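Those protein sequence lines, which keep their order, are chains C and U.
Every letter in the first sequence is one number past the one before it in numbering that gives the first Met the number 0, and letter 87, counting from 1, is 86.
Every letter in the second sequence is one number past the one before it in numbering that gives the first Met the number 0, and letter 73, counting from 1, is 72.
Everything labelled a hint here was simulated from the structure, so no lab data went into it.
Careful, some of the hints might be misleading.
To be verified - Quick partial rundown of chain C residues pointing at chain U, CB under 8 Å, derived from the structure:
1) S77
2) A94
3) Y137
4) S139
5) S142
6) H188
Claimed, not checked - Capping the alpha-carbon separation at 27 Å, the derived lysine-lysine pairs in DSS-like fashion look like this:
7) U:K54 <-> C:K53
8) C:K70 <-> U:K214
9) C:K11 <-> C:K204
10) C:K127 <-> C:K53
11) C:K204 <-> C:K127
12) C:K204 <-> C:K64
Stated by the list, open to error - Negatives, chain C to chain U, calculated, CB over 10 Å:
13) D55
14) S72
15) R80
16) L171
17) R184
18) K204
19) T243
As the structure is a computational prediction, the values presented were derived from the model and not from experiment.
Here a beta-carbon is modelled for each residue, glycine too, at the ideal position from N, C-alpha and C.
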Amino acid sequence: MKLLEIRNLHKKFDSTEVLKGVDLTVEKGDVVSILGPSGSGKTTLLRCINFLEKADEGDLVFGEKTYHLPKTSRDDISSIRKRTGFVFQNYNLFANKTVLHNVTLGLTSARHIHAKAAEEKALEVLRKVGMADFAGQYPSQLSGGQQQRVAIARALATDPDIIFFDEPTSALDPELTAEVLEVMRELAHEGMTMIVVTHEISFAKEVSSKVVFMAEGKVVEEGHGADFFENPKEDRTKEFLRLTKN
Amino acid sequence: MINEKTMELLISSFPKILEFGLKVTLPLAVIAFILSTVLAVLVATVQFAEVPVLKQICRFYIWVIRGTPLLVQLMVAFYGLPLIGIHANPFVMAVIVFTINEGAYSAETMRAAMEAVPAGQLEAGYCVGMNFMQIMWHIILPQSFRTAFPSLFNALISMVKDTSLASSITVVEMFTRTKQIAGQSYNYLPLYIEVAIVYLLFCTVLTFVQKRGEKILGSYGVRK
Numbered sequence: 000m001k002l003l004e005i006r007n008l009h010k011k012f013d014s015t016e017v018l019k020g021v022d023l024t025v026e027k028g029d030v031v032s033i034l035g036p037s038g039s040g041k042t043t044l045l046r047c048i049n050f051l052e053k054a055d056e057g058d059l060v061f062g063e064k065t066y067h068l069p070k071t072s073r074d075d076i077s078s079i080r081k082r083t084g085f086v087f088q089n090y091n092l093f094a095n096k097t098v099l100h101n102v103t104l105g106l107t108s109a110r111h112i113h114a115k116a117a118e119e120k121a122l123e124v125l126r127k128v129g130m131a132d133f134a135g136q137y138p139s140q141l142s143g144g145q146q147q148r149v150a151i152a153r154a155l156a157t158d159p160d161i162i163f164f165d166e167p168t169s170a171l172d173p174e175l176t177a178e179v180l181e182v183m184r185e186l187a188h189e190g191m192t193m194i195v196v197t198h199e200i201s202f203a204k205e206v207s208s209k210v211v212f213m214a215e216g217k218v219v220e221e222g223h224g225a226d227f228f229e230n231p232k233e234d235r236t237k238e239f240l241r242l243t244k245n
Numbered sequence: 000m001i002n003e004k005t006m007e008l009l010i011s012s013f014p015k016i017l018e019f020g021l022k023v024t025l026p027l028a029v030i031a032f033i034l035s036t037v038l039a040v041l042v043a044t045v046q047f048a049e050v051p052v053l054k055q056i057c058r059f060y061i062w063v064i065r066g067t068p069l070l071v072q073l074m075v076a077f078y079g080l081p082l083i084g085i086h087a088n089p090f091v092m093a094v095i096v097f098t099i100n101e102g103a104y105s106a107e108t109m110r111a112a113m114e115a116v117p118a119g120q121l122e123a124g125y126c127v128g129m130n131f132m133q134i135m136w137h138i139i140l141p142q143s144f145r146t147a148f149p150s151l152f153n154a155l156i157s158m159v160k161d162t163s164l165a166s167s168i169t170v171v172e173m174f175t176r177t178k179q180i181a182g183q184s185y186n187y188l189p190l191y192i193e194v195a196i197v198y199l200l201f202c203t204v205l206t207f208v209q210k211r212g213e214k215i216l217g218s219y220g221v222r223k
């Protein structure tokens, strides 16, 4: 079942064209990894899908509706965001809120869920990412890996249809990267639909149902899981995979 | 230098000076400070949210108020407000002028503090489904208050002393009262030193309140 589709997405920053007509289809339960060199537009693509950047051209099909990206109304944006989760490279936890309240805020404030029910839900997702024992702590008291796991819990708490991960481990050392990837692996196995912009080739190989390779603002090639890595078709993809193999 | 007569004058005048400090100077400063902080939050939020037109109006307000002397603003209000049908007593008028004056400065303090909150937290707020005002209320304002607090308190301490300017629009506050007593006794210097000490006392108490306030606002787990 198709959950999300992007058609002909264009985005310019001043005169620099970052996305030059990107198409992407995500089925329910897909784990889509987006690979590509720096500056290829991976992050911008994710940010446009969630309206953190305003696309210049393109359509988004989400669920049963089609939205013209540059002209999506504020209400539509808000309702789309309420059905999606976003995990940032720099975690972006709310510095003035405890771990627990970082997770409950999207429930109590944005969805008017009763505080008690929100806390139960928050503890449930915090348990899932192994952070329930830190519920009373502030983000500044946690390691990067712990902060990112809280950020994942925050995204999970609202029962999203899909979670976007924007280079979730790029700010972490290998050990902390492993603990975050472990959580993501578990989500993938549970059938959570995810789009992951990542540099972790081995993670992408292991978990993805679909791999998308981007370069210079375009999708160069896409393939299914391991097949993509074993039989790359385009020269640009082969080059990238050769360079990232170490 | 201090003879018995001066000593007696200092002792007998102390409660009178203090009375006007507690009844006029402090209330004027504290009420105007609270109102100016509310005004500052509104003006800063309009700019932070980039509200068209309103933002330009806010910049204009800040430009005019910061570019003219407080004393002149008091005078303009004193002679100008009655012309447009506003007849307030001098104390209320002083509160209005101090509020508007301090609001312009504090608005800049608040705006800087809002902009100091990492933009990613605003984005994260949107991504969990919150709207701008919800993010302002739960995320941006609490953090920017913590950042702005010492500067805002600076403003309050300044204002306690600037209230003496209200004498120019016939408000009898602590300094004016001191001048009156000094005029009656022809013994100026000791009384001015005495009132200086009372101002110092007020500001010392406020500094203590600031310290407590910073503790209460907390630092979100950052070890100091």
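Against the structure, the hints:
Against a cut-off of 8 Å between C-beta atoms, the interface hint on S77 of chain C holds, since the closest Cβ of chain U lies about 7 Å away. Annotation: interface hint on A94 of chain C holds; nearest CB of chain U at approximately 5 Å, less than 8 Å. With its C-beta approaching chain U no nearer than about 3 Å, Y137 of chain C sits inside the 8 Å limit, and its interface hint holds. Look at S139 of chain C: its Cβ gets to within about 5 Å of chain U, closer than 8 Å, so that hint holds up.
With a least beta-carbon distance of about 13 Å to chain U, the hint placing S142 of chain C at the interface is violated under the 8 Å criterion. Because the beta carbon of H188 of chain C sits about 24 Å from the nearest beta carbon in chain U, more than 8 Å, this interface hint is broken. Note on K54 of chain U and K53 of chain C: the hinted pairing holds, with a Cα-Cα distance of about 22 Å set against a maximum of 27 Å. Of the supplied pair hints, the one linking K70 of chain C and K214 of chain U is violated, its CA atoms being roughly 47 Å apart against a limit of 27 Å.
Pair hint K11 of chain C plus K204 of chain C does not hold up; C-alpha atoms about 31 Å apart against a cutoff of 27 Å. A threshold of 27 Å between alpha carbons decides the hint, and for K127 of chain C with K53 of chain C the separation of about 33 Å lies outside it, so the pair is violated. A hinted pair counts as satisfied when its Cα atoms are at most 27 Å apart, and K204 of chain C with K127 of chain C qualifies at roughly 24 Å. Between K204 of chain C and K64 of chain C the alpha-carbon distance is near 32 Å, which puts this suggested pair outside the 27 Å criterion.
At the 10 Å boundary, the C-beta of D55 of chain C stays outside the reach of chain U, the nearest C-beta of that chain being 20 Å off. For S72 of chain C, the condition that its CB be more than 10 Å from all CB atoms of chain U holds, with the nearest at approximately 13 Å. In this structure R80 of chain C is not separated from chain U by more than 10 Å, as the shortest Cβ-Cβ distance comes to only about 5 Å. Its beta-carbon lying about 16 Å from the closest one in chain U, L171 of chain C satisfies the requirement of being farther than 10 Å from that chain.
Remark: the non-interface label on R184 of chain C is consistent with the geometry, its nearest Cβ contact in chain U lying 22 Å away (cut-off 10 Å). At the 10 Å boundary, the C-beta of K204 of chain C stays outside the reach of chain U, the nearest C-beta of that chain being 28 Å off. Here T243 of chain C stays apart from chain U, with its beta-carbon at least about 27 Å from theirs, past the 10 Å limit.
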